[in-house]
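There are 2 protein chains.
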Amino acid sequence: MDEIRPILTVDVVLFTIRGSDLCVALQRRDREPFAGRPALIGGYVHVDEDADTLATAGRVLRDKAGLAGLFLEQLATFSGPGRDPRGWSASVAYYALVPEARLAPVLERGSEIVPVEAIPPLPFDHERIVAAGVRRLRNKGAWSSLPAFLLPEHFTLPQLREIYEVVLGMALNDSAFRRKIDELQVIEPVAGAFSRASDRPARLYRLRQEALQEFNRMV
Amino acid sequence: MDEIRPILTVDVVLFTIRGSDLCVALQRRDREPFAGRPALIGGYVHVDEDADTLATAGRVLRDKAGLAGLFLEQLATFSGPGRDPRGWSASVAYYALVPEARLAPVLERGSEIVPVEAIPPLPFDHERIVAAGVRRLRNKGAWSSLPAFLLPEHFTLPQLREIYEVVLGMALNDSAFRRKIDELQVIEPVAGAFSRASDRPARLYRLRQEALQEFNRMV
Chain A
1 MDEIRPILTV DVVLFTIRGS DLCVALQRRD REPFAGRPAL IGGYVHVDED ADTLATAGRV
61 LRDKAGLAGL FLEQLATFSG PGRDPRGWSA SVAYYALVPE ARLAPVLERG SEIVPVEAIP
121 PLPFDHERIV AAGVRRLRNK GAWSSLPAFL LPEHFTLPQL REIYEVVLGM ALNDSAFRRK
181 IDELQVIEPV AGAFSRASDR PARLYRLRQE ALQEFNRMV
Chain B
1 MDEIRPILTV DVVLFTIRGS DLCVALQRRD REPFAGRPAL IGGYVHVDED ADTLATAGRV
61 LRDKAGLAGL FLEQLATFSG PGRDPRGWSA SVAYYALVPE ARLAPVLERG SEIVPVEAIP
121 PLPFDHERIV AAGVRRLRNK GAWSSLPAFL LPEHFTLPQL REIYEVVLGM ALNDSAFRRK
181 IDELQVIEPV AGAFSRASDR PARLYRLRQE ALQEFNRMV
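Each protein sequence line maps, in turn, to chains A and B. Just so we're aligned: 56 in the UniProt record's numbering is position 56 of the first sequence, and the numbers increase by one with no gaps anywhere. Just so we're aligned: 175 in the UniProt record's numbering is position 175 of the second sequence, and the numbers increase by one with no gaps anywhere.
By construction, these hints were calculated from the structure, which means they are not laboratory data. Do not take every clue at face value.
[Stated by the list, open to error] With a Cα cut of at most 27 Å, we get these calculated BS3-like pairs of lysine-lysine:
1) B/K140 to A/K140
2) B/K180 to B/K140
3) B/K180 to A/K180
4) A/K180 to B/K140
5) A/K140 to B/K180
6) A/K180 to A/K140
Make a model of the complete structure from these sequences and hints.
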């Protein structure tokens with residue numbers, strides 16, 4: 001009985017922000033089951049090349065989305081006899097954050113970027129995995145530097161606040177937000193760098209090295 | 001290549017509190033690899049009977065520790081080619097909380113209860129799994145009703161504070177603790193019930209039904 005092994009896959013909830021929408025990348029499946037249906041980006045664990053399931057997630061993102069160097073964290077493992085028609089399966093789910101400016105290779109490989117409020121019916125238990133990803137992002141986003149991984153390397157404080165507002169799904173008081181960001185000590189000004197996108201030049205910031213290292217990153 | 005399937009197991013970090021020590025149950029392995037070595041309680045996923053890996057964890061706890069109806073939550077999945085000499089493997093790790101008063105069947109089945117500060121070298125990556133469990137428990141314990149699952153059904157406020165102190169690893173101010181517990185709204189007095197363990201009778205409390213339902217429980 002020990003020798004009937006379940007299927008082991010990895011699925012990635014790839015989050016980005018477009019305008020004021022928190023979005024997920026969905027890719028049409030190129031094989032059965034559910035060929036042609038949009039689903040999360042994922043794949044089998046390859047025992048001959050993957051160092052662990054985090055490496056599987058990294059490989060899948062490189063091969064199927066053209067992305068590397070993202071924030072990537074394990075979400076949870078979803079399992080059971082009914083989620084995949086091929087048999088008893090477990091999928092180790094990850095979520096990743098990609099700034100909108102880096103979406104080109106994702107779109108080139110045929111992914112759609114869909115607001116989390118408008119996700120179509122998905123195969124397997126991918127809707128459940130997306131919902132778990134949104135919950136995790138909202139919980140973590142409230143007290144960590146995590147939403148900043150959705151921004152380009154340099155950003156203004158108003159841009160940062162907007163990203164937090166989208167992730168948390170609520171408007172934030174600007175001075176309370178600035179106090180919170182000060183407390184977290186996760187960003188630093190970029191010496192001499194200003195954004196000229198609005199009327200007044202706005203100072204540009206970046207994540208501090210310590211904040212970057214606090215998190216799992218793709219190899 | 002898709003058909004070389006990894007090994008899929010479940011391991012459970014079974015926490016309890018003895019005196020003022022946060023402890024974990026370790027069981028000597030009854031088969032290779034690492035036969036005779038103390039390790040976490042775990043086992044293979046049985047695709048013919050388990051509804052998911054949570055059900056595997058429940059079955060393993062029933063069969064190997066004589067326990068049911070505990071707080072049980074998924075921790076993370078640990079994986080790779082090197083953690084198990086039988087080949088590329090993934091273990092979905094759970095943690096469970098058991099009150100000391102319910103340890104008899106665990107001890108009868110040959111488990112040892114070991115303080116987390118005195119864990120011996122463990123096979124596989126079980127030390128890493130225990131460390132992840134301790135981190136999760138300490139993080140969650142700070143703001144949830146979770147530590148109360150380490151107590152008998154009825155408990156006094158001083159008993160509850162002691163459990164929080166052990167879980168968090170620090171002394172707590174009594175009135176600040178009571179305010180925090182009030183805020184959480186997770187316990188309620190048991191009508192007319194008092195403990196006579198100390199000089200003055202102390203009111204007995206229990207977890208509210210809503211607090212119980214908030215968490216995964218074993219079926």
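Q) Between A/K180 and A/K140, is the straight-line Cα distance small enough, at 27 Å or below? A) holds, 14 Å
(Q) Given the hinted pair A/K140 and B/K180, is their Cα-Cα distance within 27 Å? (A) holds, 21 Å
(Q) Next pair to validate is A/K180 with B/K140; report whether the Cα-Cα distance is within 27 Å. (A) holds, 21 Å
(Q) Check the hint pairing B/K140 with A/K140 against an upper bound of 27 Å on the C-alpha distance. (A) Cα-Cα ~13 Å, so holds.
Q) Is the hinted pair B/K180 and B/K140 satisfied, with a Cα-Cα distance of at most 27 Å? A) OK: B/K180 and B/K140 at ~14 Å, within 27 Å.
Q: Assess, step by step, whether the Cα of B/K180 is no farther than 27 Å from the Cα of A/K180, and give holds or violated.
A: holds, 22 Å
Figure legend: structure checked against the earlier numbered hints; every hint is met.
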